[in-house]
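J.: Chains as they are written, first to last, in numbering that gives the first Met the number 0: chain A, 0 to 133; chain B, 0 to 133; chain C, 0 to 133; chain D, 0 to 133.
Simulated from the structure, these hints should not be mistaken for lab results.
Honestly, I wouldn't trust all of these hints.
Stated by the list, open to error - Straight-line alpha carbon distances no greater than 27 Å define the calculated DSSO-like cross-link-like pairs of lysine-lysine that follow: (1) Lys95(A) <-> Lys3(C); (2) Lys95(D) <-> Lys95(B); (3) Lys85(D) <-> Lys3(B); (4) Lys95(B) <-> Lys3(D); (5) Lys100(B) <-> Lys3(D).
Unchecked claim - Here's a subset of chain B near chain A, in silico, CB distances under 10 Å, partners left out: (6) Asn1; (7) Gln4; (8) Thr45; (9) Pro49; (10) Val50; (11) Thr75; (12) Met78; (13) Asn81; (14) Gln97.
Glycine residues also receive a C-beta, built at the ideal position from the N, C-alpha and C atoms.
There are 4 protein chains.
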Amino acid sequence: MNRKQEIVDFLERDFPQFGFIVEDVGDGSSVVRHEVGEACLRPGQTVSGPVLFGIADAALYIAVLGEIGIVPHAVTTSMNINFLRKPASDRDIIGKCQLLKLGRRLAVGEVSLYAEGDPEPVSHAVGTYSIPAH
Amino acid sequence: MNRKQEIVDFLERDFPQFGFIVEDVGDGSSVVRHEVGEACLRPGQTVSGPVLFGIADAALYIAVLGEIGIVPHAVTTSMNINFLRKPASDRDIIGKCQLLKLGRRLAVGEVSLYAEGDPEPVSHAVGTYSIPAH
Amino acid sequence: MNRKQEIVDFLERDFPQFGFIVEDVGDGSSVVRHEVGEACLRPGQTVSGPVLFGIADAALYIAVLGEIGIVPHAVTTSMNINFLRKPASDRDIIGKCQLLKLGRRLAVGEVSLYAEGDPEPVSHAVGTYSIPAH
Amino acid sequence: MNRKQEIVDFLERDFPQFGFIVEDVGDGSSVVRHEVGEACLRPGQTVSGPVLFGIADAALYIAVLGEIGIVPHAVTTSMNINFLRKPASDRDIIGKCQLLKLGRRLAVGEVSLYAEGDPEPVSHAVGTYSIPAH
Numbered sequence: 000m001n002r003k004q005e006i007v008d009f010l011e012r013d014f015p016q017f018g019f020i021v022e023d024v025g026d027g028s029s030v031v032r033h034e035v036g037e038a039c040l041r042p043g044q045t046v047s048g049p050v051l052f053g054i055a056d057a058a059l060y061i062a063v064l065g066e067i068g069i070v071p072h073a074v075t076t077s078m079n080i081n082f083l084r085k086p087a088s089d090r091d092i093i094g095k096c097q098l099l100k101l102g103r104r105l106a107v108g109e110v111s112l113y114a115e116g117d118p119e120p121v122s123h124a125v126g127t128y129s130i131p132a133h
Numbered sequence: 000m001n002r003k004q005e006i007v008d009f010l011e012r013d014f015p016q017f018g019f020i021v022e023d024v025g026d027g028s029s030v031v032r033h034e035v036g037e038a039c040l041r042p043g044q045t046v047s048g049p050v051l052f053g054i055a056d057a058a059l060y061i062a063v064l065g066e067i068g069i070v071p072h073a074v075t076t077s078m079n080i081n082f083l084r085k086p087a088s089d090r091d092i093i094g095k096c097q098l099l100k101l102g103r104r105l106a107v108g109e110v111s112l113y114a115e116g117d118p119e120p121v122s123h124a125v126g127t128y129s130i131p132a133h
Numbered sequence: 000m001n002r003k004q005e006i007v008d009f010l011e012r013d014f015p016q017f018g019f020i021v022e023d024v025g026d027g028s029s030v031v032r033h034e035v036g037e038a039c040l041r042p043g044q045t046v047s048g049p050v051l052f053g054i055a056d057a058a059l060y061i062a063v064l065g066e067i068g069i070v071p072h073a074v075t076t077s078m079n080i081n082f083l084r085k086p087a088s089d090r091d092i093i094g095k096c097q098l099l100k101l102g103r104r105l106a107v108g109e110v111s112l113y114a115e116g117d118p119e120p121v122s123h124a125v126g127t128y129s130i131p132a133h
Numbered sequence: 000m001n002r003k004q005e006i007v008d009f010l011e012r013d014f015p016q017f018g019f020i021v022e023d024v025g026d027g028s029s030v031v032r033h034e035v036g037e038a039c040l041r042p043g044q045t046v047s048g049p050v051l052f053g054i055a056d057a058a059l060y061i062a063v064l065g066e067i068g069i070v071p072h073a074v075t076t077s078m079n080i081n082f083l084r085k086p087a088s089d090r091d092i093i094g095k096c097q098l099l100k101l102g103r104r105l106a107v108g109e110v111s112l113y114a115e116g117d118p119e120p121v122s123h124a125v126g127t128y129s130i131p132a133h
């Protein structure tokens with residue numbers, strides 16, 4: 000079974016509230032999709048900051064799992080996010096993560112978030128994952 | 000009418016999905032409360048990163064509104080969050096924000112998040128708000 | 000006169016302590032070089048964090064000037080830097096910046112730092128510049 | 000011999016280019032002082048960002064050493080800094096660090112920087128230290 004299917008199965012079984020679609024994973028990278036609905040919107044019809052943060056966090060999580068496999072208890076230790084443009088309220092948000100470092104204890108990755116069909120990123124994040132001893 | 004009531008009324012009217020309780024606001028600071036429920040939890044029974052981010056973002060938003068009043072379109076431009084300890088899954092999370100700067104264009108604030116009753120912070124965030132010309 | 004020469008002349012005239020070589024600028028990006036000497040090193044023969052920060056800050060500054068021209072008083076408002084690998088102590092450090100956003104008031108850019116000849120980045124930074132009204 | 004003297008002796012012996020005065024250390028906190036000279040200034044007579052970053056980094060380093068003792072190879076892994084106000088060019092800069100977490104592998108601390116005599120911070124930083132296995 001390939002790594003992507005392994006991750007999708009893990010999420011369905013152990014993390015049903017995950018809420019994102021894993022589109023791609025491998026080579027230290029990932030692509031996740033979030034279907035934007037009314038619940039994600041803020042006044043002014045923009046996607047809320049916490050929703051965008053959640054997509055960045057999920058993309059980083061999937062990219063890390065893609066490298067180290069299904070290791071329980073890998074956790075985000077920090078995330079820095081910049082909100083760049085107001086995303087359209089009727090487009091899915093796509094998060095593309097690229098790991099910058101995969102160490103023994105820490106992984107660092109950057110994530111660009113896009114409103115589908117728009118080449119300019121709506122947000123950019125850099126986060127750190129703590130990898131448990133294994 | 001005082002500033003806190005003005006903010007609470009604004010949230011009820013224009014931002015019903017806000018989802019946090021404003022406990023205090025004034026002097027460049029705020030306290031908000033989040034009632035932790037099943038939907039907030041991740042595998043391992045810990046409060047999810049996006050939920051913690053959302054509380055930090057809300058506390059900063061309220062502290063800014065407390066200073067500048069109900070100004071539409073003030074938006075978070077960046078947030079840096081560190082996840083310090085795994086919060087208990089059965090305690091409310093309290094976010095305490097203190098503004099570090101309130102400029103004409105930018106406000107910067109720091110937020111400490113606590114699981115109620117525990118003096119050690121579970122997370123710490125620093126964020127920037129863009130204040131529209133007014 | 001082209002933009003790169005205009006920036007180099009400005010730096011020589013008004014900012015002689017700048018201390019970095021502008022290798023390239025344009026299209027929302029820049030490349031700057033820092034010649035590593037003894038003064039930059041920390042115990043363990045690694046390039047110090049503040050020196051790496053300074054290169055990232057300089058690369059962002061040059062990328063911004065490349066877009067908006069010689070505008071006095073553009074200032075860094077925030078920077079988030081991750082130290083990824085220990086750079087060799089005998090290689091120049093190259094900073095490559097790409098702007099993520101150039102707004103009317105704020106520019107946001109990311110910078111990857113490399114020890115010359117090594118394809119893996121030693122550091123990665125994301126910073127924000129405040130652009131004065133002009 | 001007390002911890003502060005131990006750190007000062009270590010710095011003099013092994014890290015003579017440190018460049019900051021350790022004023023206080025203990026209880027997860029530190030105070031360091033930087034004497035501002037011409038070399039630190041940027042056009043507009045403001046203290047440069049890299050110098051402010053260096054003071055924040057030093058204050059975090061000293062606070063960590065104050066807790067774990069003289070452990071070689073503890074290194075900064077990330078730092079997020081906000082530049083809040085233009086410091087006076089003729090005042091020393093004081094960095095005050097408070098650790099937010101001291102774990103087995105990671106320490107996280109926040110640092111406020113002040114121009115001596117001014118109660119408003121000129122900068123605020125949050126950084127992470129990686130603590131080697133020992």
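J.: Hints first: check each against the structure and report whether it holds.
T.: Hint check results:
1. Lys95(A) <-> Lys3(C): Roughly 32 Å between the alpha carbons, so the hint for Lys95(A) and Lys3(C) is violated.
2. Lys95(D) <-> Lys95(B): holds (20 Å)
3. Lys85(D) <-> Lys3(B): Distance of about 32 Å is beyond 27 Å: violated.
4. Lys95(B) <-> Lys3(D): With a Cα-Cα distance of about 32 Å, the restraint between Lys95(B) and Lys3(D) is violated, given a limit of 27 Å.
5. Lys100(B) <-> Lys3(D): violated (32 Å)
6. Asn1: violated (22 Å)
7. Gln4: violated (19 Å)
8. Thr45: With a closest approach of 8 Å, the Thr45(B) hint holds.
9. Pro49: Status holds, d = 4 Å.
10. Val50: holds (8 Å)
11. Thr75: holds (5 Å)
12. Met78: Constraint on Met78(B) satisfied, holds at 6 Å.
13. Asn81: holds (5 Å)
14. Gln97: violated (19 Å)
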